[in-house]
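Chemist: Order-wise, the sequence lines are chains A and B.
This note's numbering applies: residue 1 is where the first sequence begins, and numbers increase by one.
This note's numbering applies: residue 1 is where the second sequence begins, and numbers increase by one.
No wet-lab data here; the hints were simulated from the structure.
Please read these numbers as outputs of a predicted model, since none were measured by experiment.
All residues carry an ideal CB built from backbone N, CA and C; glycine is no exception.
Among these hints, one or two may not hold up.
[What the hints assert, rightly or not] Below, in silico cross-link-like pairs of lysine to aspartate or glutamate (EDC-like), each with a Cα-Cα straight-line distance of 20 Å or less:
(1) B:87 - B:35
(2) A:33 - A:158
(3) A:125 - A:2
(4) A:33 - A:156
(5) A:125 - B:83
(6) A:92 - B:65
[Stated by the list, open to error] Facing chain B, a subset of chain A residues (Cβ under 8 Å, in silico):
(7) 18
(8) 25
(9) 28
(10) 73
(11) 74
(12) 173
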Amino acid sequence: MELFGIFITATLINNFVLSQFLGICPFVGVSGKLSSAVSMGMATTFVLTMAAMVTYLVQHFILLPLGIGFLQTVAFILVIAALVQFVEMVIKKVSTALYRALGIFLPLITTNCAIMGLCIFAAMKDLSFIACIVFAIGAGAGFTLALVLMAGIREELELASVPRALRGAGITLLTAGILALSFMGFAGMKF
Amino acid sequence: MTAVRALTHGFWRNLPPFRLVLGLCPALAITTAAEYGLGMGLAVTFVLVFSNALVSLLRRVIPDEVRIASFIVVIATLVVLVELAMKAYFYPLSRTLGIYVPLIVVNCIILGRAEAFASRNPVLVSAADGLGVGLGYTISLIVVGSLREILGAGTWFGRPVFGDGFEPFGFMVKAPGAFLCLGLLLGVMNAWSRRRGEIFVQT
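One chain only, chain B, in its complex shape (with noise of 0.2 Å):
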């Protein structure tokens, strides 16, 4: 498989949290608004591309019994770095995030691709991977976070969308509405991909 391959299975085939179920307490939780999506996506793609590299770069070094201990702690060093610079750069966007970024160490898209596809491919590849996966978790965070604002807030990145007389669907951005909004978007995706005629439907 070429990493241009691996890239692109990222946002289509790969694509979480809708075709991979995982990570989807980040995905309902700050996706409130469609910066908040924006930041939390970059963060784990940062942390998935460089730990699939070196996941990738010491497979053969790390004995098969400690994998997944060996795993994590890469993850987690990764996530300590991406805490401390979103807290000297973009505190507000920290401050919003709070929990959910030292979080970003139990996602288990990360863990998973480090398990599933890094430690049996070589460098390049799995970093391509981890970018496709990253950037098709973030244009997922996106879309949910976008839906939520412009519905719950009448907002889009901050702007309003929508004249004066908007009245908020406040509902969208407490807890019920994320569960509904990203349950109808993955029975969307689920028809749409019936009609492509691949099977597949999420257990």
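Just chain A, with the same shape it has in the complex (with noise of 0.2 Å):
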């Protein structure tokens, strides 16, 4: 049940896009279409999951127990990027369909600050293991939900008539604050 709080705490009520301002630039970047939007969801739930699961076997068995608690930033941007790289080339050798539905995302995926807050996020509660694992899935199925609601209404604002100045990113920042009015609808749940 603690689990469950916590998977549906990081996918509605705090999610990572709308009410926690994590990883705006995939969000502004690529949700101009809904098929990328799925990839680019997917993709960053698979590597949030990977990147928890590592974070958190560094944090508990080299940082704290040398007590060099302070590199973790430094530690686990290395970890996160090395791990990007990792995937991306079992990817290619594994699967060339898939690789070629992510393997443009996975990138950018390095610089998401989603990965990154999410592995802070999940050292500072000091969550186990598995309710590190499930954080990482709600947080991803949080973050596609937000991409793919917000691809689906960019690919009908294509028909509309935007004012000149805010087409781009403008009129996409702007929806994004309809949507996170809706999500605080959320803020009162407790589990």
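Can you join these two chains into the complex? Each is in its own frame, and there are hints to help.
Modeler: Structure below.
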């Protein structure tokens, strides 16, 4: 039940994009088309889960026993960068179809603050290994949800006449504001 | 390009997050008050100046294949410095900014400037570019923070602006207000650029 609470909180109540402001750059950049939004969401969820597991091990078996917790930022970003590179290589070898779908998004994910943010949050809250994984999947689901919602709206917006000055990033941010407003409705939920 | 021109480009031509649509996450997250914007902006400026200078110094040493990883190590080291200094001297501010201080490391402005500018320009010019873009970012964050603080809390840098009768417009300091404020400012900037005859639309 506690794990379910963690999942729902990460997906809806503290949605990474719309209430924590993590991962805004891919949210604005890759939400133009529904198909690429789904691929980006899946790639991010996958890397989030892997990164949460690996940084948990780094935090609890290297940083804390050696008493070098202050190196957390450096250690995490290096681990994430290496992990993304590794995932890219594995996918390239294993499945060409998957690589074609996710490949171009993977390098972007290294500097996606949702990944780094999740790892720091998990270390800060001192979650257990299982809770970490659930938290990561929940956050990934929330990120995918926000991205897909946004892409659906933006595909419709292509047909609307948007004021010239607001075209592009401007209208995307305003739409995100309305989405964030509706996600505030989840704020009262308690688990 | 001279150092002075690199410096002044940051104030308009390369002004983040409006002209370079990078670094949006902190611009939305921590701008609930002007003071936080100032703190975040200065932290980013510090990292940006030194990362640009160091990357530029090392640009002939770093092999091309591993340059992104090397840039990230340089940036992460500087961010840890800022993090520790903030905890030591500005503890309340570092508590408020919280997770967004270590997240400076994945702020795309810094990696973007290292890759696009510092890796192919001399040291002094690169440092000037870092200073210009950093100060431009600081100004943007203060403007967004001021707007949200004045409307959302009725104060500016913690001092009350309106009389007692003012009912704060609480929406502005919440998440939707951040998106709305930044989106509208972006629109205003675009309209202004268009009037000056600069063709520019963010994608």
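Chemist: With reference to the structure, classify each hint as holding or not holding.
Modeler: Results for each hint:
| no. | hint | result |
| --- | --- | --- |
| 1 | B:87 - B:35 | holds (17 Å) |
| 2 | A:33 - A:158 | holds (11 Å) |
| 3 | A:125 - A:2 | holds (14 Å) |
| 4 | A:33 - A:156 | holds (10 Å) |
| 5 | A:125 - B:83 | holds (19 Å) |
| 6 | A:92 - B:65 | holds (18 Å) |
| 7 | 18 | holds (6 Å) |
| 8 | 25 | holds (6 Å) |
| 9 | 28 | holds (7 Å) |
| 10 | 73 | holds (4 Å) |
| 11 | 74 | holds (4 Å) |
| 12 | 173 | holds (3 Å) |
In this structure, every one of the numbered hints holds.
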